[in-house]
Each structure stands twice: as C-alpha cells, then as structure tokens.
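Colleague: Protein chains in written order, with our numbering: chain A, 1 to 314; chain B, 1 to 333.
No wet-lab data here; the hints were simulated from the structure.
Any given hint could be a false lead.
[As the list claims (entries may be wrong)] Taking lysine to aspartate or glutamate and the EDC-like style, the derived pairs with C-alpha atoms no more than 20 Å apart in a straight line are:
no. : chain 1 : residue 1 : chain 2 : residue 2
1   : B       : K288      : B       : E330
2   : B       : K53       : A       : E244
3   : B       : K57       : A       : E280
4   : B       : K52       : A       : E244
5   : B       : K221      : A       : E106
6   : B       : K306      : B       : E286
7   : B       : K52       : A       : D247
8   : B       : K52       : B       : E244
9   : B       : K288      : A       : E280
10  : B       : K71       : B       : E174
11  : B       : K223      : A       : D276
[Claimed, not checked] Residues of chain B clear of chain A, computed beta-carbon distances all greater than 10 Å:
no. : residue
12  : A43
13  : N54
14  : K57
15  : N194
16  : V204
17  : N242
[What the hints assert, rightly or not] Examples of chain B residues toward chain A, derived with CB under 10 Å:
no. : residue
18  : V28
19  : K50
20  : V60
21  : G61
22  : E76
23  : T143
24  : Q147
25  : E170
26  : E174
27  : A189
28  : E191
29  : V287
30  : P293
31  : Y297
The beta-carbon is built from N, C-alpha and C at its ideal position, and this holds for glycine as well.
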Amino acid sequence: MSSENAGFDPARIRALIARGKLKDALFSALGILCLGIGLLVIFALVADMAVKGAERFNLGFFLNFASRRATQAGILSAWVGSLLVMLVTAMTAVPLGVAAGLYLEEYARRNWITEVIEINITNLAAVPSIVYGLLALGIFVYAFGFGQSILSAGLTLALLILPIVIVATREAIRAIPAMIREGSMAVGATRWQTCRYHIVPYAMPGILTGVIIGLARAIGETAPIITIGALTFIAFLPPVPFSELADGTRAGLFDWVMSPFTVMPIQIFNWTSRPDPAFEVNAAAAGFVLMVMVLTMNAIAIWLRYRLRKNIKW
Amino acid sequence: MLKQTRLTVALGLAGLSMLAAGTAQAQVIKIDGSSTVYPITEAVAEEFQKAKKNAIKVTVGISGTGGGFKKFCRGETDFSNASRPITAKEMEECKAAGVEYIEMPVAFDALTVVINPKNAFLKQATVEELKKMWEPAAQGTVTKWNQVNPAWPDAPIKLFGAGADSGTFEYFTEAVVGKAKSSRGDYTASEDDNVLVQGVSRDVNAIGYFGYAYYAENTAKLKALPIVNPKTGKVVEPSAVNVENGTYQPLSRPIFVYVKAASLQKPEVKEFVDFYMKNATALIKEVKYVPLPAAAYTGNLDHVTKKKLGTVFGGKNEVGVTIEDLMKREAQM
C-alpha cells in the first residue's frame with residue numbers, strides 16, 4: 001500500500017501500462033493460436049476425408065445400397081436411416097425437453113425435490129452413451145416390443161440428448177429479464193399465457209442452439225445404436241407412407257418407424273474394418289458426408305436463431 | 001402462436017408413432033452374428049436379393065458370434081453367423097426357448113501369422129515357438145526374439161493380436177497355447193484387424209495374427225509366416241490350397257451358419273439356404289475366404305432336407321477337424 005502511494009511517478013505508471021498491454025497482446029496471440037489449432041485440426045480432418053474419398057463422390061454413392069464391391073457400395077440406407085432416426089429423436093426430445101425445462105424454471109417450487117431433479121439432469125448429461133443403449137435395449141426393444149426399429153433408435157437418442165435440451169432451455173429462459181415476466185403478469189396474463197407469448201418465443205433461439213448441439217451429438221453416436229441392434233447390411237428403405245407394399249396392401253403413415261435400419265456411423269465403422277483397403281475410400285467419403293450433414297444442421301440452427309432474434313424487441 | 005402449433009404437432013406425432021408400434025412388419029430374412037462370417041453372408045444376401053429382384057428382403061447384422069447366438073436362441077433371427085461351434089451354454093439357451101437349428105459349415109478361415117516384409121531372419125515357426133511368444137507365462141519375460149529361439153536375433157519382439165472378445169482370439173489361443181482365451185496380455189490388441197495390419201506393416205520386429213482375408217488383401221505390406229504342421233513335421237504356408245487340403249493345421253478352422261429349423265418352413269428361407277450353398281464357392285473366393293470342398297455344400301443341403309438337427313461338436317470347440325469328418329458325425333441338440 002504505502003509504496004504505491006509513496007510517489008506519483010509517470011514513468012513507472014507508463015511502464016505498468018506497457019506491461020499490461022504486452023500481456024494483452026500475448027494473450028490475444030495465444031488465443032488466436034488456440035483457435036487456429038482447433039480450426040486446423042477440423043479443417044485437416046475434413047480435407048483429408050474429402051481428398052481420400054473424392055473418387056466416390058457421385059450420384060451412385062448416395063443412391064446405392066451397401067455392397068461387397070467397394071466401387072458399387074453406397075450410403076443410401078445409411079443416410080436415410082440417419083435422417084429418419086434424427087426426425088424421431090427431435091420430435092421426442094424437443095417437446096419433452098422444452099416442457100421439462102419450462103416447468104423447472106417457471107412452475108416448480110424451489111425445494112429439495114427440484115434440487116435432486118436438477119442434480120440428476122446435470123449428471124445424466126455425463127452418462128456414457130452405451131448405458132442409454134443398454135437401458136433402451138431392455139425397455140424399448142423388449143419391454144415395449146418396439147424391436148430393432150427406427151423408433152427404438154430415435155427414442156434412445158432422444159433420451160441421450162434430453163439433458164442437453166433441458167439445460168439449454170433453462171439457460172435460455174434464465175437469460176430473459178425478469179421485467180418481461182413481471183410486465184406480462186402486471187397486465188393480468190396468467191403464468192401459462194406469459195410462458196406461451198413471452199418466455200418460450202424469447203427463449204427459442206437459445207433452445208434451438210441446445211437442440212442442434214444435441215442432435216449433432218446424436219447423429220454421430222454408434223454405441224447405443226449398435227446395442228439396440230442396428231443392422232450392417234440392409235438393402236431396402238423403410239416404407240414410404242401410403243406406398244404400395246409387396247403384399248398389395250398400402251403402408252400406413254407411421255409404418256416406417258418400425259422398419260429395421262442402419263445409420264451413417266455404423267456404415268463408416270463397417271467400412272474401416274473390412275479386409276479390402278478399397279473400402280477405406282468409401283469410409284472417407286461417408287465420413288465427409290456425415291460432416292457435411294452436421295455442418296448443415298449447424299448452419300440451419302444459426303440461420304433460424306438469426307431470424308428469430310430479429311423478431312425479439314425488448 | 002405458430003411455434004405453439006408446431007409444438008403441438010410434434011407432440012401429436014410422437015404419440016402417433018407410439019401407436020404404430022403394433023403394426024406388422026414385412027417379411028424379412030433376419031441374419032446376425034460373427035463379423036468373421038459377415039463378408040460371406042453379406043455377399044450371398046446381396047446376390048440373393050438381386051436374383052429375387054428385391055422381392056425378398058434380407059438383413060445382416062454384426063453382433064459377434066456370442067451376441068448373434070443370444071438373439072438366435074431367443075428366436076429373433078432366422079440365421080446366425082458363427083466363427084466357432086455353438087457352446088454348451090448356448091445349446092441350453094436354445095433348448096429352453098425351443099429353438100431347433102441345423103449347423104452348416106460354410107467356409108474355412110485360416111488364421112495367418114504375419115510378419116513385416118523386411119524381416120529377414122524369420123522363415124518359418126513351429127507351434128511351440130508361437131506358444132513361447134503368446135502363452136500367459138511369457139508376459140513381461142519373453143521380450144526378445146532370441147528368447148524364443150536362440151538362432152533368432154537379440155531384438156525386441158512386438159506382438160499384435162486379436163482382442164479378447166473375438167472368436168479369432170479364442171481359436172488362436174486354443175490352437176497355440178492349448179487353452180481357449182489363455183494368452184499374455186501385454187501385446188497390442190485390437191478388434192479391428194486393420195489396426196493390426198498397420199502395426200505389423202510399420203515395425204520390422206513385429207509379429208501378429210488375424211484372419212486370412214486381411215492378409216490376402218494386404219500382401220504388399222505383410223509377409224505370411226509358414227507354420228510347421230505338428231503332425232507331419234512339414235512347413236506349410238497359409239494358402240487356399242493348403243487350407244483346403246487340410247495341411248495348414250492347426251490354424252485353420254471351419255466357420256458356420258446356423259439356421260433355425262422352424263424358419264425353414266418359410267419358402268423364402270429355404271430358397272435362401274439353397275442359394276447360399278449353390279453359390280458359396282464362387283462368392284467365398286471373391287471375398288478372399290477359402291471355400292469348403294463341394295461335397296460339404298451338398299452335404300449341408302442334404303442335412304437341411306433330412307432335418308439333421310443340432311451340432312456335431314457337442315458344445316466344445318475343437319482344433320484340427322477335417323470337413324469330411326464333420327459331415328459324417330452324428331448331430332445332437
């Protein structure tokens with residue numbers, strides 16, 4: 001204390017400021033370096049896969065089923081399977097997760113039960129995915145009798161990303177200023193009306209971010225999907241709603257959810273572990289496609305977030 | 001408003017999809033099991049679907065031999081791929097569930113011991129030498145080539161082998177060490193044989209083992225080690241010819257497909273079996289496995305017609321059996 005107050009020495013203060021600025025510059029350089037490493041790794045990975053798989057990028061690759069001949073093998077059943085599983089996952093996890101998050105933030109009383117629930121939700125996010133697979137095998141596949149279907153897989157992955165969606169929802173709701181809530185209630189809105197017309201719309205950008213992070217994780221999951229019994233070789237697609245089936249009847253609107261399936265990560269894994277090295281090219285190409293799928297999902301999320309934020313006027 | 005409607009729709013769809021759970025599935029031939037047998041069955045399934053113009057659907061999964069039998073004995077699958085015969089415990093499970101089956105050997109898998117192509121001193125090996133390298137007692141003590149054979153150099157030995165869950169590991173340990181699943185633990189283990197291929201091809205002092213197909217696809221990067229047949233004393237190279245004539249022993253084994261007897265009532269399953277046995281030789285060669293003598297496939301079809309239920313192994317794995325021998329044996333449930 002005393003030494004700092006002792007003398008007002010401009011030279012010393014200037015030196016102090018210079019030192020601070022140097023640290024500033026050093027830290028920003030370090031930050032750029034860290035960012036660069038991260039970007040470089042992902043860029044190298046994507047570029048490597050794109051170059052290795054380049055010779056497979058043609059229409060046939062997307063429209064062919066798996067085959068023992070590398071040049072004829074495609075990812076049709078895998079990409080369709082991945083998309084349909086994601087659809088079921090999103091349709092289950094989003095309503096459940098948003099409703100649960102909304103309840104915890106807006107309705108639930110603060111007591112030890114909600115505390116326990118909160119701790120549990122946070123912990124669930126850290127449970128290894130294979131555990132969800134084992135749980136789903138017992139419950140969805142056998143107890144509920146859904147079998148090795150798109151429905152089972154979608155519900156399994158929905159469970160997996162539910163904690164992510166709930167936490168994201170709660171964070172987004174918490175970021176809404178209290179005055180919005182108070183204002184709404186002050187003019188006589190009920191709690192439900194407040195949630196419906198204010199809280200959920202304003203929280204939507206944040207919720208969407210959480211949903212996309214969750215789905216991006218789910219689309220790359222292999223372990224729980226293998227556990228519930230996804231296939232490796234499947235050379236047909238789930239029935240299109242209302243299309244004619246082999247036995248002359250028409251498929252129902254939701255028949256596809258009970259169809260056997262495979263997903264992109266399983267197809268990639270199978271190709272990397274085959275004896276014939278030509279399949280490595282397929283694996284690289286499929287890996288690149290999976291990356292593009294994830295990046296597209298992220299891009300859509302950013303675009304939606306941007307659009308929704310434009311409408312929020314506080 | 002709009003968002004709310006969307007949410008309601010999503011909830012409704014989720015509910016409806018639950019309702020759809022009870023609807024019947026289309027007729028599908030279901031196959032699951034070993035990853036070793038997978039390439040063969042996949043090739044057959046692919047050709048079968050093509051021949052039937054996709055009127056019959058076939059699915060093939062990879063759950064491993066044990067995982068495959070679990071589903072098979074619960075009655076969930078029509079066929080089970082197996083890289084070893086059914087065990088006594090699995091026989092019990094099938095019996096308890098009332099699942100009867102017919103055992104069909106479909107091909108040979110030759111475990112191939114491979115070394116780096118730059119390895120100049122290793123021309124052959126005996127089963128005893130392999131045992132010295134791989135037995136549990138070797139753990140931590142046998143680390144140099146000259147400890148196995150004094151004629152070999154004083155250089156570190158780098159071991160690459162199958163992971164403990166694979167049928168390959170089970171058979172190799174049984175054939176070399178004498179007891180299934182008994183192996184040293186301090187080696188590079190991987191369930192993915194391509195990892196082993198990479199490892200051996202990069203290290204001049206490496207030695208490893210895996211299925212013949214992985215060697216056959218990577219002959220430029222690897223050298224196969226001829227093994228002395230303990231019965232005849234002759235040095236035998238792993239090759240299609242030597243596997244087929246039964247001299248590459250004890251490291252070649254038959255691999256199987258089990259079919260559920262009840263499924264054979266369905267015409268499409270019967271057709272699939274016929275197709276499998278008639279096209280096996282050509283397709284198996286194409287996926288770099290070694291086909292059985294032609295008599296074995298007609299024998300399998302004969303067993304299917306006569307309903308020869310059960311296994312000829314009595315729940316135990318065996319080293320060094322010949323196909324002719326297997327075909328003659330009595331099966332039991």
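Colleague: If a hint holds in the structure, say so; if it does not, say that too.
Modeller: Evaluated hints:
no. : hint               : verdict
1   : B:K288 with B:E330 : violated, 31 Å
2   : B:K53 with A:E244  : holds, 16 Å
3   : B:K57 with A:E280  : violated, 27 Å
4   : B:K52 with A:E244  : holds, 18 Å
5   : B:K221 with A:E106 : violated, 64 Å
6   : B:K306 with B:E286 : violated, 30 Å
7   : B:K52 with A:D247  : holds, 15 Å
8   : B:K52 with B:E244  : violated, 31 Å
9   : B:K288 with A:E280 : holds, 17 Å
10  : B:K71 with B:E174  : violated, 26 Å
11  : B:K223 with A:D276 : holds, 17 Å
12  : A43                : violated, 5 Å
13  : N54                : violated, 7 Å
14  : K57                : violated, 5 Å
15  : N194               : violated, 6 Å
16  : V204               : holds, 21 Å
17  : N242               : holds, 19 Å
18  : V28                : holds, 7 Å
19  : K50                : holds, 9 Å
20  : V60                : holds, 4 Å
21  : G61                : holds, 5 Å
22  : E76                : holds, 8 Å
23  : T143               : violated, 29 Å
24  : Q147               : violated, 32 Å
25  : E170               : violated, 18 Å
26  : E174               : violated, 23 Å
27  : A189               : violated, 15 Å
28  : E191               : holds, 8 Å
29  : V287               : holds, 6 Å
30  : P293               : violated, 23 Å
31  : Y297               : violated, 19 Å
In the structure shown, a violation is registered for the earlier hints numbered 1, 3, 5, 6, 8, 10, 12, 13, 14, 15, 23, 24, 25, 26, 27, 30 and 31, in ascending order.
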